[in-house]
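**Student:** The residues making up each chain are set out below.
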Amino acid sequence: MNRNTVLIELKKVLAPYTENKELLNGITEETDLMKDLKINSANLVDIIIDAESAYNIEIDFDSAEKMYLVGNCIDVILDKMNQSA
Amino acid sequence: MISTGNDIVALGSINKQRTCEPRFYSKILSVVEQQLYHQPELAALPFENYIWLLWSVKESAFKYLKRNNHQLVFSPVKINVLTVHAHPDQHYSGSLRFEQDNLFFRSIITNDWISTVVNEDDNFEYIFNDVQQIEHNDYQHQSAAVRKFALDKLNTFFEGEFKLEKSELSLPVLMRDGELVNTPVSLSHDGYFVACSFNFNPTVQ
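For the protein sequence lines, the chains are A and B, in the order given. With numbering that gives the first Met the number 0 applied, the first sequence closes on residue 84, and no number is skipped along the way. With numbering that gives the first Met the number 0 applied, the second sequence closes on residue 204, and no number is skipped along the way.
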């Protein structure tokens, strides 16, 4: 799976927690989940759990705290997918 | 280090079933914090409310500490809640630690929300924290409403034209008559509720 494929799937994970769908469609690797997409911090755990289910991976605490930019999320997801491959 | 940090959780927004799944709450609570729930004085507190109570404590602490530790990243399990005490009328208090910093919290739980404020001292005499219900739950309305709420509250205490601006770290800073005021402010919103806290400690006036 390449970065763009992960990004497409990640949009689906973020969709239930993103009010502005237009912003979501235009996300890049530099997009900040909270500052740009206005995702409530209380939903960050939901997003991590949904990502774990979507990619069949487990995201530990140290990795979870890096997931504030879309690009960081992709890094963590690809890293975990490679570990479990 | 004088700062302030608050948080509000709208209980109407939470997913009770998911909250109580171990894979969810284990990303917020340490094993010690999970055991802390079983103390007799918390027997009347539903587990989902306990989880979100500790979330609000940790989020408040993060906001408090971020003001002086710009590189800090929110990682709930690394902020350790040490004690939780129940008081009449669904009031809670306790202590927490993050690395070398020890903080204290005060929380209130109603049917609709959990509100928390933290302080470096167990004396909250100079700490103001309040909650308001709002009409709409979209981000823009929440953001405007919490600022108006905070400024209205300030104007009940002080004269002058107050404004809230954002620091480079996106933290709210208070301006009065065009000049920076050294009163730490914290804003939070969730669902149909907003909350603000101020630290009116006279040593920072």
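Bear in mind the hints are in silico, worked out from the structure with no lab data behind them. Built from N, CA and C at the ideal position, the CB exists for glycine as well. Accuracy of the hints is not assured; some may be wrong.
A few chain B positions that, by computed beta-carbon distances, are all more than 12 Å from chain A [stated by the list, open to error]:
hint: 1; residue: I7
hint: 2; residue: V8
hint: 3; residue: E20
hint: 4; residue: Y36
hint: 5; residue: P75
hint: 6; residue: V76
hint: 7; residue: S92
hint: 8; residue: S142
hint: 9; residue: A144
hint: 10; residue: L150
hint: 11; residue: N154
hint: 12; residue: V172
No more than 35 Å apart at the CA atoms, straight line, and that leaves these computed lysine-lysine pairs for DSBU-like [to be verified]:
hint: 13; chain 1: B; residue 1: K147; chain 2: A; residue 2: K79
hint: 14; chain 1: A; residue 1: K10; chain 2: B; residue 2: K65
hint: 15; chain 1: B; residue 1: K162; chain 2: A; residue 2: K11
hint: 16; chain 1: A; residue 1: K20; chain 2: B; residue 2: K77
hint: 17; chain 1: B; residue 1: K147; chain 2: A; residue 2: K37
hint: 18; chain 1: A; residue 1: K10; chain 2: B; residue 2: K147
hint: 19; chain 1: A; residue 1: K34; chain 2: B; residue 2: K147
hint: 20; chain 1: A; residue 1: K10; chain 2: B; residue 2: K15
hint: 21; chain 1: A; residue 1: K11; chain 2: B; residue 2: K152
hint: 22; chain 1: B; residue 1: K165; chain 2: A; residue 2: K20
hint: 23; chain 1: A; residue 1: K34; chain 2: B; residue 2: K77
hint: 24; chain 1: B; residue 1: K162; chain 2: A; residue 2: K65
hint: 25; chain 1: B; residue 1: K162; chain 2: B; residue 2: K65
hint: 26; chain 1: B; residue 1: K152; chain 2: A; residue 2: K10
hint: 27; chain 1: B; residue 1: K162; chain 2: A; residue 2: K79
**Student:** Are the hints correct? Go through all of them and say.
**Tutor:** We went through each hint and held it up to the structure:
1. I7: Violated, because the least Cβ-Cβ distance between I7 (chain B) and chain A comes to about 10 Å, which does not exceed 12 Å.
2. V8: Non-interface label on V8 (chain B) violated, nearest chain A Cβ at 6 Å vs cutoff 12 Å.
3. E20: The claim breaks: E20 (chain B) does not keep its Cβ more than 12 Å from every Cβ of chain A (closest is about 8 Å).
4. Y36: Y36 (chain B) clear of chain A: closest Cβ-Cβ about 17 Å, beyond 12 Å.
5. P75: violated (8 Å)
6. V76: Check fails; 5 Å does not lie beyond 12 Å.
7. S92: S92 (chain B) clear of chain A: closest Cβ-Cβ about 22 Å, beyond 12 Å.
8. S142: violated (9 Å)
9. A144: holds (14 Å)
10. L150: The claim stands: L150 (chain B) keeps its Cβ more than 12 Å from every Cβ of chain A (closest is about 21 Å).
11. N154: holds (28 Å)
12. V172: Holds, because the least Cβ-Cβ distance between V172 (chain B) and chain A comes to about 17 Å, which exceeds 12 Å.
13. B:K147 with A:K79: Distance of about 44 Å is beyond 35 Å: violated.
14. A:K10 with B:K65: Distance ~29 Å between K10 (chain A) and K65 (chain B) Cα, so the pair holds.
15. B:K162 with A:K11: Violated, at roughly 38 Å.
16. A:K20 with B:K77: Satisfied, since the Cα-Cα distance of roughly 32 Å is no more than 35 Å.
17. B:K147 with A:K37: holds (19 Å)
18. A:K10 with B:K147: Answer holds: K10 (chain A) to K147 (chain B) is near 33 Å, not above 35 Å.
19. A:K34 with B:K147: holds (20 Å)
20. A:K10 with B:K15: holds (25 Å)
21. A:K11 with B:K152: Violated. K11 (chain A) to K152 (chain B) sits at ~40 Å, over the 35 Å cutoff.
22. B:K165 with A:K20: holds (25 Å)
23. A:K34 with B:K77: Holds: K34 (chain A) and K77 (chain B) sit about 22 Å apart, inside 35 Å.
24. B:K162 with A:K65: Cα-Cα ~33 Å, so holds.
25. B:K162 with B:K65: holds (21 Å)
26. B:K152 with A:K10: Judged against 35 Å, a Cα distance of about 39 Å means the pair is violated.
27. B:K162 with A:K79: Violated, because 45 Å separates the two Cα atoms, which is more than 35 Å.
Going through the hint list in order, the structure does not satisfy hints 1, 2, 3, 5, 6, 8, 13, 15, 21, 26, 27.
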